[in-house]
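S.K.: Chains as they are written, first to last, in this note's numbering: chain A, 1 to 242; chain B, 1 to 408; chain C, 1 to 378.
Think of the hints as simulated: they come from the structure by calculation, not from any bench.
Each hint should be verified, as a subset may be incorrect.
What the hints assert, rightly or not - Restraint ranges, calculated between C-beta atoms of paired labels, are given here: (1) C:47 x B:281: 54 to 64 Å; (2) B:191 x C:339: 39 to 49 Å; (3) A:96 x C:84: 34 to 44 Å; (4) A:8 x C:252: 37 to 47 Å; (5) B:281 x C:16: 32 to 42 Å; (6) B:221 x C:47: 25 to 35 Å; (7) A:130 x C:214: 32 to 42 Å; (8) C:133 x A:4: 39 to 49 Å; (9) B:284 x A:20: 52 to 62 Å.
C-beta: ideal position from N, C-alpha, C; glycine also.
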Amino acid sequence: MAIKYTPTVIEHFTHPQNVGELENPDASATEGSPACGDMVTFTVKINPETHVLEDVKFRSYGCASNIATASMATVIAKGKTIEEVKNFHPKIIAEKLGGLPAIKMHCSVLAVNGLKAAIKQWEVAHGLAEEEEIVCNETTIRQLLKGVINPETGRSIVSMGMVSYIQVDGGRVFVEINMQDTDDMYAENIREEVEEKLESMKCIQEIIVRILERGKFDMKDHNGPNGQAPTTAASDDGAGGI
Amino acid sequence: MSERLIYFDNNDTTPLLDAVLQAMLPYYTRHYGNPASLHQLGLEAEEAVGEARATLAGFLGAKPEELIFTAGATEANNLALFGAAAYAPEKKRHLITSKIEHNAVMNPVKRLEKEGFKVTYLEVDGQGFVSPDDLRKAITPQTLLVSIVHGNHEIGTVQDLKALGGVCRERGVLFHTDAAQSLSKVPLNVTDDLVDLASINAHKMHGPKGVGALYVRSGVKIRKIMEGAPQENNMRPGTENVPAIIGFAEAARIAFANFEADTKQICAVRDRLIDQLLQIPHTLLNGPRDHRRLPTNADITFKYIEGEAILMHLSMRGVCVSSGSACSSKSLTPSNVLTSIGLKHEDAHGSIRFSFSKLNTMEEVDIAVAKVREVVELLRSMTAFIPELHSETEGHGGGYYKKKKDEI
Amino acid sequence: MSAYFDHIFASPIDPRVVEAMIPFLRGTYGSPISQHKIGREAAAAIQDCRERVAACINASPDEIIFTSGGIEANNLAIKGLLTVHDQGQLIASAVEPLSVLKPAESLERWGYSTSLLPVNGHAQIDLLHLKRRINKFTKLASAAWVVAEVGTVQPIEEIAEEVKSHGVTFHCDATIAARYFLMDVRSLNVDAMTLCASPLAGPPATGALYLRENTRLQPLFDGGPQEMGRRSGKENLPGIVGFTTALELQVAERQTRFKKLKQLDKHLKSRLLEIPDLVIHADLPSRVPGVMSCRVEGIESEALLIMLDQAEIYASAGSPCASILRKASHVLTAMGLSPEQAASSLNFSLSWHNEITEIDEMISVLKPALERLKAMSY
Chain A
1 MAIKYTPTVI EHFTHPQNVG ELENPDASAT EGSPACGDMV TFTVKINPET
51 HVLEDVKFRS YGCASNIATA SMATVIAKGK TIEEVKNFHP KIIAEKLGGL
101 PAIKMHCSVL AVNGLKAAIK QWEVAHGLAE EEEIVCNETT IRQLLKGVIN
151 PETGRSIVSM GMVSYIQVDG GRVFVEINMQ DTDDMYAENI REEVEEKLES
201 MKCIQEIIVR ILERGKFDMK DHNGPNGQAP TTAASDDGAG GI
Chain B
1 MSERLIYFDN NDTTPLLDAV LQAMLPYYTR HYGNPASLHQ LGLEAEEAVG
51 EARATLAGFL GAKPEELIFT AGATEANNLA LFGAAAYAPE KKRHLITSKI
101 EHNAVMNPVK RLEKEGFKVT YLEVDGQGFV SPDDLRKAIT PQTLLVSIVH
151 GNHEIGTVQD LKALGGVCRE RGVLFHTDAA QSLSKVPLNV TDDLVDLASI
201 NAHKMHGPKG VGALYVRSGV KIRKIMEGAP QENNMRPGTE NVPAIIGFAE
251 AARIAFANFE ADTKQICAVR DRLIDQLLQI PHTLLNGPRD HRRLPTNADI
301 TFKYIEGEAI LMHLSMRGVC VSSGSACSSK SLTPSNVLTS IGLKHEDAHG
351 SIRFSFSKLN TMEEVDIAVA KVREVVELLR SMTAFIPELH SETEGHGGGY
401 YKKKKDEI
Chain C
1 MSAYFDHIFA SPIDPRVVEA MIPFLRGTYG SPISQHKIGR EAAAAIQDCR
51 ERVAACINAS PDEIIFTSGG IEANNLAIKG LLTVHDQGQL IASAVEPLSV
101 LKPAESLERW GYSTSLLPVN GHAQIDLLHL KRRINKFTKL ASAAWVVAEV
151 GTVQPIEEIA EEVKSHGVTF HCDATIAARY FLMDVRSLNV DAMTLCASPL
201 AGPPATGALY LRENTRLQPL FDGGPQEMGR RSGKENLPGI VGFTTALELQ
251 VAERQTRFKK LKQLDKHLKS RLLEIPDLVI HADLPSRVPG VMSCRVEGIE
301 SEALLIMLDQ AEIYASAGSP CASILRKASH VLTAMGLSPE QAASSLNFSL
351 SWHNEITEID EMISVLKPAL ERLKAMSY
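Sequences and hints are given; from them, build the entire structure.
M.R.: Shown next, in the form of structure tokens:
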């Protein structure tokens, strides 16, 4: 079915706010990539005393939702403190837009992550935070995968319990995704998103993703590639999930 | 300012011609017999359907009894593939198809693969052509059937059906082609082209929706996929959609009556659009530039911007098109056709398909081109995809250097 | 004067239905899946139809799958609901439509089976039989609410209760029932239900399958994502609009139509019974008005039909399909009729547009025709 966009989304798509880039920005960050067809670059100006996001602009490469969510993100963020922006949840953007179809929820995640990344860059540059050495383990990977949205439901694959198995072996990562009742046609997209997220982790050298299609998975019979029993798919702990 | 809508999405579906509607209406009002009934009204309906069948068969180069009416081309493709597979001997469980098929062929093939058939997906060259040599090399003694689309829905590539059919005939393998886009647009004769099974439909040539047909060469055995009534020579149960079948034949009659002139006109419109759009910097034409392209099809990549955004801006400006980008697809993956001809993902995301019918004019092209320029400029002015900053990569993100494996 | 009594299998389309379809034949030709303006119009139109059909049967819009008719819907239901299990059994009566029985039969080579419930002389299903036959292999049960040809009404709610109590999926063919009864899928407690446009004076080759939410179904056709992946293929929007309109008209005019059919049926019955040696099949008080099957002992009905046809009186014998196949109607056979008796059967299916005068005209042709045939026979 053709995507039904709310009037607010259409408005932010046709007349996006804060388009472009700041001259001499205090920080900038890019989320997404040309290859996945979804990319946003934010440039920000942050007041060093008040920590208020005084100005923000965006450039985008992506669909109508991509443009609209980025535009709305800048509108909401402008004038807030960086603490407030760090607590942004993609749902806020979706709500302010009057709602986003499930298949487009990932755009709101992109926008929020982009803003947060820009702020992080500024904090690191000002000694307010440390460049995190991300350790490769099941917990951090699961946390990372929270950003992968199931296009059918608009919820993260982690909160849906679709990440059925994670194994880390030095620089080698094996992730198993159980499609459950989600249509198989989304398998390729979910695989790509998972791989993309894993690629961003510097500690990972080798990525193996296995997708279990609908109806084929029975938890009790399943074993990992080395014959170990599975870890139970942890349910979303609530923080930052969708 | 009310503008007339410019409809450039004819590879998806076309408007019903008034002449076709007029031919159909009596079968919605006065003539309502069920062709299966033995009485006068039923016989009249049966006769009308028979005439339509003969007309369509004639245009295909087939015999009337070789056509099975279905509810559309999707059903015809399913009938061909599942129908042939159902009679596959134990030793013949290998299928060959191409990487650029429409999902109405791809998905049945994938289901057969899950059910235990081995499938070879033939590569295509940069313009979408399947090489008859590659096909010959792929055929084994286990091969049951080959399915290759005649005219591609995305990039317009028209395969050399006779060459491919010849290879199949030589090796005793069934040859099926999805001819939904190509019927009445380029020459097609199932007998001369050595085709065993062909799917066609009406709504791509100004005919009604809800009707299609499968050509099955005499002697080729396929199993029906629906049961319960003996229509269509016991191959497809269900009261025939008489008005739609009449409409199908009428649409074909009209299309073939003006074949030369219409094709020339559509090509002129298409070529004008292509020439003008390629003048915009950083654009690519996807698919062949010569006569081996569907007259109705033009597919252009606009680099550094995204398809769904282009499409929506154009729609707001009164121009209807479609896109091969991931964001505009139901499954969020870029068109398999575009990635199979070697396009980088980002170039697939920036693709727009413009497709024409004989109702489109040069004037519409000029208006549309102006709007496209407007939209491209707008989106490029705000794009995050700046080539110097973002290396154009293979695969996803920048991590292509990482080893990736598919677990089966 | 001509008179047409074959309405279940082909009926003139209600002019109001044609009127509703025309704008969708002339304009609104887009695909619901397209993002542009024309696609959106089509998407809005099809969603509207979905909501309206759902409202007619107390379902939700997402539970409606549009198909190319009742036969496809039955095929989709039977094959689709059985093959989601690795193996299993269908339980269906011997009078179910062939579009239910044949698909199940075709699955036998894959390990699925059919348990055929016998029926009595009135084509009724015995609930006790059903109870005894359901076992752990039964995955699907199918029963038509109204039996074709003879008009027998099955106790669908009781059947559903029995079937559901075993956790078995229940499909009901409501093709003919939709002409007579209020459809409420929740109170009927069915998991799937077939609807067809033509018996409701709708366009040919359109119908729908109601499928209860969260019921797993293997599609018949693979391809595009239409109908939420359950039925691929470009939607036949004009047909769908026609079906929707026909269904709504039926719901609105149900009682008037029922009354008229009752009146016509009473008259037809009393006039037919004037003929010696004529037997009306399954003539229970609950038989739906306007669907009547009878026979005249010793007369071959095909010859009779030809004579009627010559006088522009149109009826049928057995089902049209049976006629083509030159086989005795499986419904009549299951009711216990011998092949000779089945070969003497004459079926009438009336529409609310028929008139008493047409029935009288028919009788005035039928009686002498019967005389002539009797004289020619042994």
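S.K.: Against the structure, test the hints numbered earlier, and report the numbers of the ones violated in rising order.
M.R.: 1, 5, 6, 7, 9
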